[in-house]
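Visitor: Take the given structure of chain A and dock chain B to it, following the hints.
2 protein chains.
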Amino acid sequence: MRTLLSSLLISATGFVLAPSPADVPLRGFFPQSVQAQRDLEARFKTMPDPARMREAMRRLSAHPHHVGSPYDRDNAEWILNQFKSYGWDAHIENFDVLFPTPVERVVELVAPTTFKASLQETALPEDPTSNQQSEQLPSYNAYSIDGDVTGPLVFVNYGVPADYEELEQRGVSVKGAIVIAKYGGSWRGIKPKVAAEHGAIGCLIYSDPGDDGYAGGDVFPKGPMRPPQGVQRGSVADMPVYPGDPLTPGVGATKDAKRLTVAQATTITKIPVLPISYGDARPLLAALGGPAAPSAWRGGLPITYRLGAGPARVHLRVKSDWGMKTLYDVIARLAGTAEADQWIIRGNHHDAWVNGAEDPISGLVAELEEARALGALYKQGWRPKRTIIYAAWDGEEPGLLGSTEWAETHADELKAHAVAYVNSDGNGRGFLGVSGSHTLEKFINGVAMDVEDPETGVSAWKRMQASQLLNGSTDVRKDIRDREDLRISALGSGSDYSSFIDHLGVASLDIGYGGEDQGGIYHSIYDDFYWFTHFSDTSFVYGRALAQTGGITVLRLANADLLPFAFTNLAETIQTYVKDLQSLRDRRAEQISERNKQIDDGVFKLASDPRDPVTAPQRQQAAPQLNFAPLLNAHDSLNHAASRYDKAYSRAVSEGRTAVAKGVNDRLIQAERALTSPDGLKNRPWYVHMLYAPGFYTGYGVKTIPGVREAIEQGQWQDADREIARAAAAIDREATLISGLATTLSGGT
Amino acid sequence: MRTLLSSLLISATGFVLAPSPADVPLRGFFPQSVQAQRDLEARFKTMPDPARMREAMRRLSAHPHHVGSPYDRDNAEWILNQFKSYGWDAHIENFDVLFPTPVERVVELVAPTTFKASLQETALPEDPTSNQQSEQLPSYNAYSIDGDVTGPLVFVNYGVPADYEELEQRGVSVKGAIVIAKYGGSWRGIKPKVAAEHGAIGCLIYSDPGDDGYAGGDVFPKGPMRPPQGVQRGSVADMPVYPGDPLTPGVGATKDAKRLTVAQATTITKIPVLPISYGDARPLLAALGGPAAPSAWRGGLPITYRLGAGPARVHLRVKSDWGMKTLYDVIARLAGTAEADQWIIRGNHHDAWVNGAEDPISGLVAELEEARALGALYKQGWRPKRTIIYAAWDGEEPGLLGSTEWAETHADELKAHAVAYVNSDGNGRGFLGVSGSHTLEKFINGVAMDVEDPETGVSAWKRMQASQLLNGSTDVRKDIRDREDLRISALGSGSDYSSFIDHLGVASLDIGYGGEDQGGIYHSIYDDFYWFTHFSDTSFVYGRALAQTGGITVLRLANADLLPFAFTNLAETIQTYVKDLQSLRDRRAEQISERNKQIDDGVFKLASDPRDPVTAPQRQQAAPQLNFAPLLNAHDSLNHAASRYDKAYSRAVSEGRTAVAKGVNDRLIQAERALTSPDGLKNRPWYVHMLYAPGFYTGYGVKTIPGVREAIEQGQWQDADREIARAAAAIDREATLISGLATTLSGGT
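Quick mapping for you: the protein sequence lines, in order, are chains A and B. So for the first sequence, our numbering puts the first residue at -8; every next one is plus one. So for the second sequence, our numbering puts the first residue at -8; every next one is plus one.
Just so you know, these hints were derived from the structure itself, not from any lab. A hint or two may mislead.
Identical chains share a label here; the pair holds if one copy fits it or two copies do between them.
[Stated by the list, open to error] Straight line, CA to CA, 20 Å or less: simulated SDA-like cross-link-like pairs of lysine to any residue:
id, residue 1, residue 2
1, Lys166, Gly281
2, Lys310, Val253
3, Lys469, Gln589
4, Lys638, Pro16
5, Lys570, Asp470
6, Lys653, Ser76
7, Lys588, Leu477
8, Lys588, Ala607
9, Lys588, Arg474
10, Lys75, Lys370
11, Lys588, Asp470
12, Lys673, Thr105
13, Lys596, Thr252
With the rest of the complex left out, here is chain A (with noise of 0.2 Å):
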């Protein structure tokens, strides 16, 4: 069959084409086991059931169910009796974690005029679980250190380094200050890390109207977006140096695990930190002198946005309560058959901040139709050949707390039989989007060809190529013409895969679908039923696309004769990755010689005016030349060995040789570890991984090859050439493993 369909390929004029979505074949699927694997998939997709998940984000968001509420536990249990009722062997597993919570809040304008911000997010009448009031946590910033400061009030764009910059050529220092920053440009706990970094005493985070609120559409309860006293919630911890509880960090969080105190803890912030409303924000920055903002760090308040320091000056207080919480992490397992000991984990979190309908929930409804569809095929006999964990996590919201503590404490199990982590964190309508393991980047495009988009009858595969194919650049457009597969994003952070990559080298998928719904309740009391049910996907239709997407991924993972990992994808994504650093090199070189160039010549000083000057920066170290060869030698091997394994695996596929495949993929599943290093990164050996990891200034944006590529835009030059030779060792390993598992299935040893 796959003969066959290779020959077909090559088309009357001699030339090979790209074959189309349906000629691919089931990756990791001997031809005789093909068929039965597309049965049990056909039958799989017809079982979620959209009015399901419908009524299980009824009772799921019926109350606010943050870390330590009395329905965070409820649903934990409840979702234990659904995993069990579906016929799941289920447990929950429960972690101690450091969870403060608000006791005092204190946001003022104390001069030229007064004003007390009403920190509080109202009722609204249309919306049946708004007035829940005392179930509800405040609006905070958790992670915030306490602290009762006054000081002038300034205006930081996004509160990014790039924007301390350019505060500092206009006279604008932050030093004893209180900053107010817009969400967005970075994850919020950058904010209040760049403040302190700065000299700022204090952080007020504010979301713009411009960015969320009425600017893109009517806001709650008319429309999606965000409301004048809406608040968006949120962690401040610095999840780039470890996520998880703050008390254990490598750790898990178990009752006698050894703790730091919270003194120790180093990722609770420098400087108290709350997030606050436009409603709130507005009268706060209409009271601010000095410059006008720069026209890019404008808004949507119809006022004229201005840097300050002052007039204006603030009091802000913020005093938690610091005791621990306990977390209740759902797991559930299906018994594997021939290799039990590879697992296939899947999760989505249940934690919100208040009811979170869209924020975990959307995403959580799904998972549990998936497991009710595998638990009912298991019952009519399916087993799969490889065991399958489900899990509901407890605290991502404060910090992928439930995922990472499970993870600490089970990663000697994880790192040897893990063999993908499969996560989603909420769901929309529109365009699958994928982030993820390169190595897992031609098998997850082999699902999407087999899932249908409910607007429009094609597949997800096809819908998301249409989008890519309108919005991308010429690049982008072109690449996707040429290409047989499309790209899959490289992970960040920002959710529960974090742990299973960034610090285990499990191979991870993060999925799920959006792009067409817009809003602005992200963690606020708005994001509930009502407003999931009148505005984002209402009929559930995305909903069911999701459940078929993660079901057809796990049972796949699960069912594969020769786990679907490839790594010609891998082998090129990391040759674009070392020609972008190559770049990176050369435009910073550039704009540094550029900028010095300037300086010599006075050009700030002469073009500078007087009413409003710019002074200019400072002078830079010229930026070496790096020795890129380790990387490129190393893209090399790996290159050249990832096409002799895709050579073994297709000869073996259709050889059906099933005698070496358990041996392989015994040692498939380490391909991701192989990319990892013991000592991680540099400041930050929680994470290990080589080519991924969230940014140390944007949290949740990744940075690929992340030791050189840090190194390269923080000017650290000194680094950036051990970096590379580390990067080229971790990608060594992976060509070597690689080569091996190549040999082994051409039939040598």
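Guide: Structure of chain B alone, referenced to chain A:
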């Protein structure tokens, strides 16, 4: 001197260095004339007086002085007397033009709620001239056709053709609708023209606060920006077809001129138009339904910008008094001596929409100080070699009326005698801006090197360079560092140079300082003495810089031994235009091909959100290859001729060959005329320059080599090759002329 200088440019390493500003010789002056000219300029530069400019501005902007108003005539007579008192031979030249003024203006929302626009700018107690309501023209757009229409409202962004493509893809039609467009993105007259082409029945234009209101700074009177009731008046006549009096295209509007009827005048709009404030626009925009506007379309109002059509319905009524008005052009002359039949013309208009302190008085007061200084030199015995004509134009605001009718009336004399026209139209703080004929690029660089910037003490040239080095792209910065001269922009339209350059082929320059002042008072009652003396060039030191720049430009042109035209910069600039046209064709071809591919692949349909659908655009004809050979050959010829001329010029100057100068000068003044073609541009024969024209669909914005460029942009491929040939013929004529001049200068015939 020059030979010595040239040899100094060879450095010790043998490489030629770019000359530093101070090394640049006085272009056009023989060695024996240089010192006298330098001395003259030094005397001149001390004369322009900021205090006099301030007092002249106070007088000229004391009352509204639009065309037809008593104070317009009063100002003209005062200016006439000033020129006379300076020792000039001056007179007023009258024309009779069609100039409609408003009789009825109604804008009201009639559904789903009602609101009546105030259409009234409010007097402010701080601002002593803002209360002259009985003398002010109400806010309106001159040359809007009368009309009384009611229809659904549609928001069209800036109302340029690309915006209508976007609307069509979103299923929004303007047929039978009234459109509301933001000011900006094109010259205002384009908006009703394009709206009418798409079937709209009325057009509102408003000033969005994101463009010149509170977004950029405090609003007037606290700051310089546009207050909620501020309105931008302005002409909407279709000036890209022809400017000037709509009833006398191509001929002067003298008493006995043959006139079209109003109905025959093609430049009057096809649909009624009215400008409104953002105070009046907000309720209209807030009442719009339909899809949310694309994010790039959103302005600074605190609303969701929606497209419509409806449910907002608007009633628009516009009726004008279509009577004739008299223009008062003030024309002053200092007779030349040796080459009196060669004219140097300098102009700035004196009419305003209301009080017009910035536009145009800030430029006019500088021009008057130039005239006073030249007059003083004249009284002291200095005589210009050539005749100098200073003009204070009337009727610029409604449509370049005064300059156009004067230029059309004197077309034959001007074609025979005009050397160059030097325009200004207001002034501010900051950087010298120069647009103009590239035959004068090298010359005006030399002038800019000899004027001191008041804020930094370096030359205006050096500061202009610093600004471009700071803000330019990599290519721009490289160009600046590699090239002897800073580039000047090509002239589009929007001020009184238009008839000179576009219709007569007189080499022109437009000069003015700016870039540091922000403002939102353009064409409103708040553009007055109070505003200017609080928020712009408050000490009038940039007024002095403009007078020095304009005066030295005139003095050098008037006194030069050999007219300071240079053609290597022209040839090199034409080469950049030709390259740009080639890449424009390739880009358009690629865009069309990609768009067609996307349509064929169905990606629009597949990517469309059913709740907010976007349909595919129309398929377009594939772009054929064009034959650029004639333009490339013509450029080669010009390049060769320009180099020959350059060498001959250098030799003639260094040898002080006065004998040939007169004959060469007589022919040199035809060098710009050679670039015109008597048939003019397609569909707009008034425009005869083959290198420069305002865009048919941009208005102010220049289109270089416009016949070819607009054929490509508009996909009129059958025209493009013919237009290439016509442009090439003009460049060939230029090459032939210059080649002949080189021969003459070298001692041939």
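Visitor: Is it within, between, both, or neither for Lys310 and Val253, if the alpha carbons may be no more than 20 Å apart?
Guide: within (14 Å within a copy, 76 Å between copies)
Visitor: Could you figure out if Lys588 and Ala607 sit no more than 20 Å apart (CA to CA) within one copy, between two copies, both or neither?
Guide: within (11 Å within a copy, 48 Å between copies)
Visitor: Can you tell me if Lys166 and Gly281 fall within 20 Å by alpha carbon in one copy, between copies, both or neither?
Guide: within (16 Å within a copy, 47 Å between copies)
Visitor: If the cut is 20 Å between Cα atoms, do Lys588 and Leu477 qualify within a copy, between copies, both or neither?
Guide: Classified as between; 18 Å across copies, 42 Å inside a copy.
Visitor: If the cutoff is 20 Å on CA atoms, where do Lys673 and Thr105 land: within, between, both or neither? Let me know, please.
Guide: Classified as neither: same-chain Cα gap 46 Å, cross-chain 65 Å, threshold 20 Å.
Visitor: State whether the alpha carbon distance between Lys75 and Lys370 is at most 20 Å within one copy, between copies, both, or neither.
Guide: within (12 Å within a copy, 107 Å between copies)
Visitor: Between copies, within a copy, both or neither: which fits Lys469 and Gln589 at Cα up to 20 Å?
Guide: between (37 Å within a copy, 12 Å between copies)
Visitor: One pair to classify: Lys588 and Arg474, alpha carbons no more than 20 Å apart. Within, between, both, or neither?
Guide: between (42 Å within a copy, 17 Å between copies)
Visitor: Treating 20 Å as the Cα threshold, decide for Lys588 and Asp470: within, between, both or neither.
Guide: between (37 Å within a copy, 15 Å between copies)
Visitor: Give the relationship of Lys653 and Ser76 under a CA distance limit of 20 Å: within one copy only, between copies only, both, or neither.
Guide: neither (32 Å within a copy, 105 Å between copies)
Visitor: With 20 Å as the alpha-carbon cut-off, assign the pair Lys638 and Pro16 to within, between, both or neither.
Guide: Cα proximity of Lys638 and Pro16: one copy only (15 Å, versus 73 Å across).
Visitor: Within a copy, between copies, both or neither: where do Lys596 and Thr252 come within 20 Å Cα-Cα?
Guide: neither (50 Å within a copy, 57 Å between copies)
Hints 6, 12 and 13, counting from the list given before, are not met by this structure.
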